[in-house]
Amino acid sequence: MSYMQAFEQQVFEAGAPPEQEPMSDPWEGQIFSLRDAFKPRDPLLFIINGLWPAGSLSIVYGAPGTLKSMILGHAAVCVAAGVSFLGREVRQSPVLWIDLDNGKRRSHERFEALARGIGADEGVPFYYMSMPTPWLNAGNPSDIKLLAERIRERGAKLVIIDNLGLVSPGADENSDQMIQIMANLRLLAEETGAAIILIHHQRKSSGNNTRAGEALRGHSSIEGALDLALLVEREEGSPAVQIRSTKTRDVDVPLFAAEFLYEHRPGTDELWAVGFQKVEIQDDSSPAAIEKALLGIVEDHPRLTQKEVLNFAKSELQGGVNLIRNVLKKMVKNKQLKTEAGLRGAILYVVN
Amino acid sequence: MADPAIAYAGPLLPPGSGYHTDLMRKANFAAILGMEPGEAFTDLRQRTPQGTRRVSDREIRDALRKAYSDLGGGTFVPRSRPKPVIRDGKQALRQIIEEAVIHDEVDLWEASPIRLMDEPKYDAELFLDVMFRPEDLVFVGTTYDTDTIRGRDAWIESGCDAPHIVVNPLSGGLAPNKAGDGQTHRGDNNVVAFRHCLVEFDNLSHEDQIRFWSAVHLPIKALVCTGGKSIHAWIDVPKLASVTTLEEWDAHIRRVFYDRTLRPLGADGACSNPSRLSRLPGHHREKTGKYQKILWLSPEGRPIT
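One line per chain: the protein sequences are A and B, in this order.
FYI, in the numbering used here the residues of the first sequence are 27 to 378.
FYI, in the numbering used here the residues of the second sequence are 138 to 442.
No lab work stands behind these hints: they were computed from the structure.
In this text, all values refer to a predicted model and were calculated from it rather than measured experimentally.
Where a beta carbon is used, it is the ideal one built from N, C-alpha and C, also for glycine.
Some clues are possibly wrong.
Residues from chain B shown here face chain A by an in silico Cβ test under 10 Å; the list is partial [as the list claims (entries may be wrong)]:
no., residue
1, 208
2, 233
3, 352
4, 377
Please put together the full structure from these sequences, using the hints given.
Structure (structure tokens):
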């Protein structure tokens with residue numbers, strides 16, 4: 027090669043864009059086979075037994091004033107202190123609460139009162155952020171990454187975000203913009219191994235005949251991304267709240283209830299100590315309760331038509347007729363009940 | 138494009154600070170505006186400000202002549218330049234500089250195939266002896282001299298001390314000048330052997346120039362410090378291409394070596410003619426108080442490292 031060619035070559039190579047590293051496979055090691063599926067696994071680890079497993083994404087929702095934040099606060103301090111929650115065992119772990127709704131003063135007051143309510147002292151690993159600056163945006167992957175680091179730093183296994191609407195600034199919660207936000211939050215749960223619980227609002231009105239999950243406000247992707255959705259309901263002025271599952275992936279959660287207990291700081295309206303205690307409740311609206319009732323009706327009155335079974339059930343249960351009909355169909359499919367042909371094509375139900 | 142009348146009327150940059158390029162630009166606008174060449178000459182002569190060098194009438198006339206001859210029917214017909222080897226010359230230059238292992242004059246001096254003297258004041262004799270042959274006629278002088286041309290050994294024996302030297306041997310006689318309107322002793326047409334070409338960078342630090350020259354794969358015969366911040370590299374032309382005529386110089390050196398590779402890197406394209414003046418080592422430059430000196434010297438062109 028002549029000097030002229032060698033020099034041109036040198037200049038050409040020096041001016042060429044830097045060589046790209048061969049692209050590494052970003053998903054390397056992330057494709058599993060059945061060999062992986064058949065490997066023994068640790069049992070599902072619940073942070074609160076029967077409710078929230080580690081690495082899960084859930085929602086607790088309800089109308090304003092239903093004490094949903096307060097009962098979750100109680101659950102949170104129980105986990106941090108290793109105290110059972112409404113009779114359920116907890117796995118003691120650090121907890122991180124992200125408040126975007128109540129503000130610092132109210133948060134300090136509430137968490138002090140909640141901790142005092144279970145006798146927890148200030149050494150309990152309960153952490154909270156209130157109105158953080160910059161704001162947390164769950165639609166922003168870098169925010170999620172930073173939050174994941176904070177969660178890992180503190181070893182938090184329960185993270186509560188109050189609330190979903192405020193952590194999705196600029197996103198229309200009724201639009202598919204929520205898909206990415208829920209995916210980011212799901213990733214947060216996966217990467218940190220924490221149970222992530224979002225507080226959210228209930229749809230203002232949902233007819234009696236609608237599916238229970240439809241009470242959850244916003245785009246269908248919200249419910250779709252969840253492992254558990256719990257609806258908190260409270261009659262106005264009542265100290266009792268009912269909590270029922272409207273979506274579950276892991277275990278059925280029977281309806282449960284709790285009574286709100288509180289003390290004010292003497293001479294003020296400030297909370298001094300708050301907590302909840304378990305209340306026994308008759309479940310007449312959950313699928314499990316409907317199933318139990320239907321089984322009793324058909325046992326007591328074999329060969330009723332569907333209309334007759336539904337009329338009996340409606341008189342005993344709170345659930346909507348569509349839910350009762352669906353449970354009935356499911357019981358036939360599961361062979362708990364069987365059908366026989368009646369006159370003029372009527373379907374008659376008997377216990378299998 | 139700028140308004141020709143406005144562009145022409147603006148002040149000229151001072152000589153020594155970009156005057157020549159500005160002069161060419163204004164000469165082009167004078168041609169576009171249809172001014173009489175004589176009128177443009179008088180105007181530009183009067184508007185030439187004081188600077189660090191003298192501007193001859195010839196320089197202005199040459200600029201106007203070129204501008205008026207390039208303007209064909211009112212439209213410029215620019216000569217096409219060969220496509221550069223690279224698009225991002227700055228990146229290439231930086232990359233080459235970063236590859237260098239020699240960073241300063243001392244290392245360069247140590248690496249020189251011909252042992253250089255500690256004192257630069259005798260560099261002229263050494264330089265002439267290595268760079269030219271006994272039979273060569275060499276121009277040594279100032280920018281205003283035109284016929285101070287002697288045999289190499291005559292210069293060595295007389296202990297020459299002048300700021301400039303033409304990079305190639307000359308005929309010693311007269312030949313047509315570049316403008317074609319006269320004759321000269323030291324123009325491109327006077328060159329009898331195309332042995333060296335000069336390369337200089339305008340906007341590169343002294344250290345980066347050392348690093349560049351120590352890293353490039355070029356047949357270098359000499360690096361000369363100008364006594365300012367510049368370094369003049371004398372490149373061995375026969376090792377680049379076979380050049381025996383001005384046409385071959387134009388084809389191989391100017392169009393390929395300069396236009397394709399050196400210019401994109403930032404080298405001064407004005408140095409691409411064979412009768413270029415360089416700085417003669419050993420001369421003490423009053424303006425800077427420093428010697429023009431040899432930094433590296435080889436009888437045969439070769440890369441420094």
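Here is how each hint holds up against the structure:
Because the closest C-beta pair between residue 208 (chain B) and chain A is about 34 Å apart, greater than 10 Å, the hint is violated. Taking 10 Å as the C-beta cut-off, the interface hint given for residue 233 (chain B) holds, the closest approach to chain A being about 5 Å. Hint status for residue 352 (chain B): holds, given a least beta-carbon distance of 8 Å to chain A, under 10 Å. Because the smallest distance between the Cβ of residue 377 (chain B) and any Cβ of chain A comes to about 5 Å, under 10 Å, the interface hint for this residue holds.
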